[in-house]
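There are 2 protein chains.
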Amino acid sequence: MLIIDGISEAEQIRSSIAVEVSRMKESTGKVPGLAVVLVGQRQDSLAYVRKKIMACHEVGFRFSLSELPESCTEEEVCDALSNYNKDASIHGILVQLPLPQHFDEGKILNVLSLEKDVDGFHPLNIGNLAIQGREPLFIPCTPKGCIQLLLRSDVEIVGKRAVVIGRSNIVGLPTFLLLQRHHATVSIVHAYSENPEMITREADILVAAAGVPNLVRGSWLKPGAVVLDVGINPIEDPESENGYRLIGDVCFEEAVKIASAITPVPGGVGPMTVAMLLQNTLEAAKRALHFT
Amino acid sequence: MLIIDGISEAEQIRSSIAVEVSRMKESTGKVPGLAVVLVGQRQDSLAYVRKKIMACHEVGFRFSLSELPESCTEEEVCDALSNYNKDASIHGILVQLPLPQHFDEGKILNVLSLEKDVDGFHPLNIGNLAIQGREPLFIPCTPKGCIQLLLRSDVEIVGKRAVVIGRSNIVGLPTFLLLQRHHATVSIVHAYSENPEMITREADILVAAAGVPNLVRGSWLKPGAVVLDVGINPIEDPESENGYRLIGDVCFEEAVKIASAITPVPGGVGPMTVAMLLQNTLEAAKRALHFT
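Chains A and B, in that order, are what the protein sequence lines are. Numbered continuously in full-length UniProt numbering, the first sequence closes out at residue 292. Numbered continuously in full-length UniProt numbering, the second sequence closes out at residue 292.
What the hints contain is simulated information worked out from the structure, not anything from laboratory work. Watch out, some of these pointers could steer you wrong.
Said to hold, decoys possible - Okay, the calculated bits of chain A under chain B, using three or more residues with CB under 8 Å as the criterion:
(1) 126-134
(2) 171-180
Said to hold, decoys possible - Beta-carbon label-pair distances, calculated as ranges:
(3) B:R152 with A:E239: 55 to 61 Å
(4) B:G106 with A:Y192: 31 to 37 Å
(5) B:E253 with A:M198: 20 to 26 Å
(6) B:Y192 with A:Y192: 45 to 51 Å
(7) B:Q43 with A:Y192: 52 to 58 Å
This structure is a prediction, so every number in the text was calculated from the model and none was measured. Where a beta carbon is used, it is the ideal one built from N, C-alpha and C, also for glycine.
Work out the full structure, taking the sequences as your base and the hints as a guide.
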């Protein structure tokens, strides 16, 4: 039984990124720059942004944050993005999602320059991820982190049955597309699926990204399955410092007895997502600066 | 047991398109126009183009064909496309695929105006088909025809298990995306899949698009499954007029005993593909002419 340690994998990746940043700075006098546009004050969004700031600091990236009140207009968000599009010191831009409900997410993301879309959510990027023979400029961070964890844990993907639970634009769908690029036989299970337990039990590789705490029980798993738990669900816990703690979509205590490998929550996929964001931003900077 | 009659379904669709064309002509003085760029002389491509010409003629579309020799340059193909892009009497353009091997298909398809991409193969269209909450300008014709056959045969899709065999950019992948839009639980089986027979046997709805004659045997089917056979494979037949006949990816004689509904080859999905191309071209013309 392998507990896949996302924290230490992410640390290794950050170390090699830091080395590349030093090399880039020495040779070009520049460092990669990441900009985040944050609308409103959601606690989880603030926590994610803090993690990104810390990670950028650690590897020597420039970081810029544009904070807008929840009451701001779509135009103000688009203006913030346009300014970052034009800013040569910024190579990667992301809008911290979810946006408040009254915003048209698609319209706002359309403003973002393709070359700086380090989240990889632009439809042209997703299309190029889907189409065989094309290459997207960026692969979305969480799916990319999932695949990295599989590859670094020597999990065979080609020909294996993979099940993705959840079909969000951010995780489920691009994870399906990426697993298929790696030649897995992939199925997506979602809220309308009949008998999700039976389908999930067919998986050699399971990616749980439903956002439902403890959805996947031990009985849902094929013995020896590899389980990547993308869920980060806060549940009340009076004994913890903040009054809550984070659990995944998979019932960890049951799953460890049946899976051959599993990511914990926290400390599994989460740290890898941030590491992949750094990697995408580094790639964007290399392209912009013609640095290899 | 239902033999799904693609010929008569397509005929009904063409009839209603013809009515709309008359209405359009009366009101705007214009009719939808379709242009095809054909490179080389492949027998199957010529046959497909002939079918498109006949269909356009039947519903009252304008049709334009640009034939180029196999020895032509990429630039000449792009020039032909650019001319059609600018031609206001042409609302839909397609490049008859496959192109000869030495062409960069992606590069050529990029030239095509998004608003006239009636095949729906542009990465932005595929991305918008993949992403929930977005709408592609056009849905690729064969997948759209498959869904139409299911809907017109009153096959329930929501929550059902669908298996797509084959993951081509033209059929397999967009069919997956479209079935998922209709809330099926979809898996893609491909050349690397281990145990494709077992996975296929889980399907309530099977779309076979592998291009391998008689790949799917009776034993591959769940009793009562609905089977859409997209394969069009020529096999030698000395008794037939041309020395060959067309068969599907599914062994029809065995499948009819087990499936609840099936499309024949020929006369199933094929005619619907052409009907959907007409429908996409009509939509393109309506948008261009602001005609509703």
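Going through the hints against the structure:
For a cut-off of 8 Å, the count of residues in the region 126-134 of chain A with a CB near a CB of chain B stands at 8, and the three-residue condition holds. Figure legend: the region 171-180 of chain A, annotated as covered by chain B; annotation consistent (3 residues with Cβ-Cβ distances under 8 Å, at least 3 required). As the Cβ distance of B:R152 to A:E239 is approximately 59 Å, the hint placing it in 55 to 61 Å holds. The supplied range of 31 to 37 Å is met by B:G106 and A:Y192, whose beta-carbon atoms lie about 34 Å from each other.
With their beta carbons about 31 Å apart, B:E253 and A:M198 fall outside the hinted range of 20 to 26 Å. Checked against the hint of 45 to 51 Å, the pair B:Y192 and A:Y192 fails, with Cβ atoms roughly 28 Å apart. As the Cβ distance of B:Q43 to A:Y192 is approximately 43 Å, the hint placing it in 52 to 58 Å is violated.
The structure is inconsistent with the numbered hints 5, 6, 7, although it conforms to all the rest.
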